[in-house]
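If you're matching them up, the sequences are chains A and B in order. Sequential numbering of the first sequence, starting at 1, is according to my numbering. Sequential numbering of the second sequence, starting at 1, is according to my numbering.
Mixed in with the good hints, there may be bad ones.
If chains are identical, the list can't say which one is meant, so a pair holds when it fits in one copy or spans any two.
DSS-like, lysine-lysine: derived pairs with alpha carbons at most 25 angstroms apart [as the list claims (entries may be wrong)]:
1) Lys589 to Lys325
2) Lys561 to Lys243
3) Lys151 to Lys164
4) Lys30 to Lys136
5) Lys619 to Lys492
6) Lys35 to Lys325
7) Lys175 to Lys531
8) Lys561 to Lys620
9) Lys550 to Lys164
10) Lys620 to Lys431
What the hints contain is simulated information worked out from the structure, not anything from laboratory work.
Here's the letter readout for the chains.
Number of protein chains: 2
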Amino acid sequence: MIRRIALFLGFLPLLLLADEGMYPLSEIHKLDLQKAGLHITATDIFNENGISLVDAIVQIGGCTGSFVSPQGLILTNHHCAYGAAQRASSTEHDYIQNGFLAADQSREIEAKGYTVRITESYRDVSAEILKGISDKTGPVERTEIIEKNSKQLVKQTEAENPGKRAEVAEMFIGKTYVLFIYTYIRDVRMVYVPPRSIGEFGGDEDNWEWPRHNADFSFLRAYMAPDGSPADYSPDNVPFQPKNFLQIDPAGASEGDLVFILGYPGRTFRHRSAAFLRFEETSRMPLVVEWYQRYMELMRTNSSLSRDVAIRHLNRIKGLANTEKNYRGKLQGMKRLGLTAKRQAEEQDLQNFVLADKSLDKSYGTVLADLNQHFNDQAASFEAEFLLGQLRSAAILPAIARSLIKAGVERVKTDLERESAYMDRNYDRTKHGLLMNLNNFYAPTDQAILTMILQRLAELPASELLNPVQDWIRDNGGSSRLPTAVEELYTKTQLTDPVEIDRLLSLAETGQLPATDPMILFFSGLNDSYKALDDLSDRRKGEINRLAGKLTEMRRLYLQKDFIPDANGTFRLTYGYVRGYQPRDAVYKKPFTTLSGVIEKTTGTEPFDTPQALIELYKKSKSRRFFNQNLNDIPTAMLYTTDTTGGNSGSPVLNADGRLVGLNFDRTFEATINDFAWSESYSRSIGADIRYILWITGEFAGASHLLREMNL
Amino acid sequence: MIRRIALFLGFLPLLLLADEGMYPLSEIHKLDLQKAGLHITATDIFNENGISLVDAIVQIGGCTGSFVSPQGLILTNHHCAYGAAQRASSTEHDYIQNGFLAADQSREIEAKGYTVRITESYRDVSAEILKGISDKTGPVERTEIIEKNSKQLVKQTEAENPGKRAEVAEMFIGKTYVLFIYTYIRDVRMVYVPPRSIGEFGGDEDNWEWPRHNADFSFLRAYMAPDGSPADYSPDNVPFQPKNFLQIDPAGASEGDLVFILGYPGRTFRHRSAAFLRFEETSRMPLVVEWYQRYMELMRTNSSLSRDVAIRHLNRIKGLANTEKNYRGKLQGMKRLGLTAKRQAEEQDLQNFVLADKSLDKSYGTVLADLNQHFNDQAASFEAEFLLGQLRSAAILPAIARSLIKAGVERVKTDLERESAYMDRNYDRTKHGLLMNLNNFYAPTDQAILTMILQRLAELPASELLNPVQDWIRDNGGSSRLPTAVEELYTKTQLTDPVEIDRLLSLAETGQLPATDPMILFFSGLNDSYKALDDLSDRRKGEINRLAGKLTEMRRLYLQKDFIPDANGTFRLTYGYVRGYQPRDAVYKKPFTTLSGVIEKTTGTEPFDTPQALIELYKKSKSRRFFNQNLNDIPTAMLYTTDTTGGNSGSPVLNADGRLVGLNFDRTFEATINDFAWSESYSRSIGADIRYILWITGEFAGASHLLREMNL
């Protein structure tokens, strides 16, 4: 059970919109779930004084997972368990390519680097976090106070709750803060991971798309010390016995069914101002799309040279493409829904309401104008800021040089004062990441990226931010000589040598990093720019913290309603219906895909390389379990209107009886708009159908012991 | 009216399949059109002794067109009238970009290079064409005899019918031939051409796709001399008065309606052997796709350098992409339908039937084996043959060198002996084409194409065909020195100079083409290869002519049925129903698109740059004519199951009453399979909805006089 400790989040009746909403624990009991079609009660879902479904939900590997047996068996996505399978693989055992199945518990393999987070309790701490802040507090100071208050509260809470971890979540920016206490299980093991050709079938080509045909699931298991306390991996550990686990409904869902989802959605921006939306739509996202496309085009062209070069670009292209496609989806959605103009109209009404009352005018009269000013300022210098950021992160050697410089600064501080990546508990991973990146280094790509960024920076108007970099360009022969100047950097730098990087890391440890390497010299010369950039970022954060808090107050006063806070990685419930949609004129997409669709997509070539054994099983599927007569097929994936975002990966999709019928793993291209607004027309999330999960586990993998463990 | 003169095509009852079939004139009266849902009779469609719908159908610019007024007004596709608009454009008047509307008849502009072909009569001439051929005739001789018989028949027919043109069409390969007599109208004028942003909306991105949102239509007009005879353009000419013209139904069609199409489909391969299908599926099409993709990748990379370079590649990329996508569609369709395996099974039955009867066995026992052998042989050397062909055609300077060499050979022959492109009546266009190509020359692309082809040719096993080119490679330093050797060709050739090309063309006229230019020298050195290649092609043609004729006979004997001959550019009727389809698992595409879909696709950037005036009209469309209450929108394009292929562009889509409800312009990606087989699941053709055509003409262009001319 999860305990709630004196939470005070809303003070007005909750605004309920059909299907829309990622409801925090504190709001679940306010929903009329019976009216929505649920057969179970809010208390069955969340019961702070007893056992409920929420007790079966965990966070794992940045995703959501759920317990599905009394023996700590966890169901989550294949792409969430990917890292574990990758780390456990060797030249003899390729668990990505071939999958992994433990014949019994004794053969389950450690899922290195994985923890299972269980929510224990939460309480409102807004007053404690905002203590010492007034309207007069300057933006930078404001950011500092909030950080200090949070750190203190966390430290104190962890001292009072030995073995637990505390985290403060911002619910409404500058307004509401909640403290969560978590238990972390540190021994997690791999139970069943399907082969890549099934779990990732369709790969990047199908990413953000519907119809989907991958079985994006894996089974893991949580282990505890024999005394029931969390412990590092040990053969002596025993399966964790969760407070609760989910029941599976092997009959699956049908079109029109109510479904709900429990999980940890990452981040949404539903309550932001029109000014913010305009900045995203016209400044930030288009610029990111433009540059990511330029990087990808360059990398793809270079990749055509050889397989070896292609491999070095693979993961970077995947990451760039994921964001680029997401942003294109959002831009399409903002345009189709006319989101910015609608928000602008709402704010006009809000402004009229404030102006009509002298005391409101005094408190809030300039909030919207200030927000406009804030984002206009940011838009004016955004290209310079973005490209300065890219300069030190987009190419590999610059990123290494920057990390080394940063290490020299941070490592001489006390651990608590360090930036997170340079704190002792994270530093090994940071150093490891540097050297891993070097494996993907390909000089022509690196040089071309650095050159194209510098060329654009040379063209931008002079400013305090840009003076150091523009001076460097001038001193090195101007814009036209940039390719040569960059080539010289790359010819002379030693940062391509892991031994040299190791040596410099040791020196950085004592703050004695020498600025002799030309790449380090180059970035050291830009210190003033980056200092100014970081200060700007702190100031902006503080300003927005104040203004966003004010805006929330204004809205509450005007609408006399309460709102659901934006997603922030904390626990949420969302519900909706299994339903198809019309992504564009004359095209209708149905809510279920089928095993026949897997066969139809199969080309034999990755990512459409269905195993022959599955093709053979397909031919016999008609007479077997999980075959659905209505669809005349095995259902593989499903579509529903619930309100999700990143972090909801691995969330259980539950039916009106609270039984598991699917496993959430993605959204449609059109549903990328969810981050800004839920849309009845376009917001559709994608889940693996439980019947396909069970068919793959039972029929394809032959893991009938797992089905038995889940009472099937 | 069209007269039929003693046509004898089929001798057995016609095999009728729902929706499938491109029926020639001779077969229309055998169809049970009433049962299919038609309200008019076969005689209303084709009446050899009177006026019928067929009399309103013409061939124009490689497409189909139809008369839609008594004043010779012709409705055809925008992409069919494109050449006319392009040739009429100048720096002052860009009729592609802005469209063209003649305020009245006096302002209609000449559609240069356009003719309107009207079918006058036809008769079976199989006996005359196959005269002198027996089973013993060798393949090369067979090809020669058929060509000679055809030329003689055409010459004689044209002498007997002054002012007309005669053409022989092969209906069943090696079996049935029909002589058509045509009238050509030579004065054609532009009446209304919508702007590219409407007529070509969606451009290449939407090519072979559904849903579509372009208004692919234009109006032209046929003119005759005042005495009613065909004449070249003259201001004295008068509008042609057709025997018949189509009535338009401004109410359009609805889902499920019967529609039929009249027109001139180009080429299908429905009656070919399994061996042919296998060759296409595993040898020819994959190789073409691979090389076209290589060319496109190269051209796109080079195009990213500058707008000027991009423009030189634009049309070539468009052409390559069109074929490449069509072939990919066909390959997908062949795989999904298991076409080759099905044909193979049919042929096994056929073979068993033949083997069971001694006399049949004697005549036909080896036909299928011979066909297998034929295509196995062709597959074995296909890569060499294909690449030799590409070597002289894929890059621009090689194509020019090859044409010059060919001119030197052909131009000293008598006109009738020359290859078509070098006959007096075509030669000006051939020469003009050479110089036009030169405008698109970009040396790095040209060199890279020639190099990559030679590199592959160097790797192929030696053969009579390849000896000359492999010798050249060896003599020039081998495969690794190819880039340099090709660069030398390009540095030294003068063929980039139009004046030099002109000079060489004059010398070719007398057969005195000097082999001094290195590019000409190179290709002259390969004369033996190309002679062998051309001989091989003639021999294959003759062999297939014999075997395909035999195969048709076998099928008729076995099935006791008659067949519809493959499309061959002659007149055909096809009928079907307005219907959506499922292109892939979980996706359904509806049969109508809407004006809202145009707005939805509009980005403001070509090819999605809808004119602002249209966007404004859209906002008022609800209260205006052509708005459809069921769709709650203006319908823009429609989908139907009729059996079409290339050449059906511009064909009228007619309803059960024989009234025009749409204008055919494309097929779906899945329907590219039509060339090999019609499929109830996938064969869908695409037409512009008459309501959108009339809305654009009346509301957008304001050409109410044209609507009046069509009695609307």
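Going through the hints against the structure:
Proximity of Lys589 to Lys325 under the C-alpha cut-off of 25 angstroms is found in both arrangements, the shortest distances being 20 angstroms within a copy and 24 angstroms between copies. Taking identical chains as interchangeable, the C-alpha atoms of Lys561 and Lys243 are never at most 25 angstroms apart, the minima being 36 angstroms within one chain and 74 angstroms between chains. Only within a single protomer do Lys151 and Lys164 lie at most 25 angstroms apart by alpha-carbon distance; the minimum there is 15 angstroms, versus 95 angstroms between protomers. With identical chains, the CA atoms of Lys30 and Lys136 are never at most 25 angstroms apart, being 36 angstroms at best within one copy and 92 angstroms at best between copies.
For the identical chains of this complex, Lys619 and Lys492 are neighbours neither inside a copy (61 angstroms) nor across copies (63 angstroms), given an alpha-carbon limit of 25 angstroms. With identical chains, the CA atoms of Lys35 and Lys325 are never at most 25 angstroms apart, being 37 angstroms at best within one copy and 51 angstroms at best between copies. Proximity of Lys175 to Lys531 under the C-alpha cut-off of 25 angstroms is found in neither arrangement, the shortest distances being 29 angstroms within a copy and 85 angstroms between copies. When the C-alpha separation of Lys561 and Lys620 is checked against a cutoff of 25 angstroms, the pair qualifies neither within a copy, at 56 angstroms, nor between copies, at 38 angstroms.
Taking the closest pair of Cα atoms, Lys550 and Lys164 never come within 25 angstroms of each other, the shortest separation being 34 angstroms inside a single copy and 85 angstroms across copies. In the homo-oligomer, the alpha carbons of Lys620 and Lys431 never lie at most 25 angstroms apart, since the shortest distance is 51 angstroms inside one protomer and 63 angstroms across protomers.
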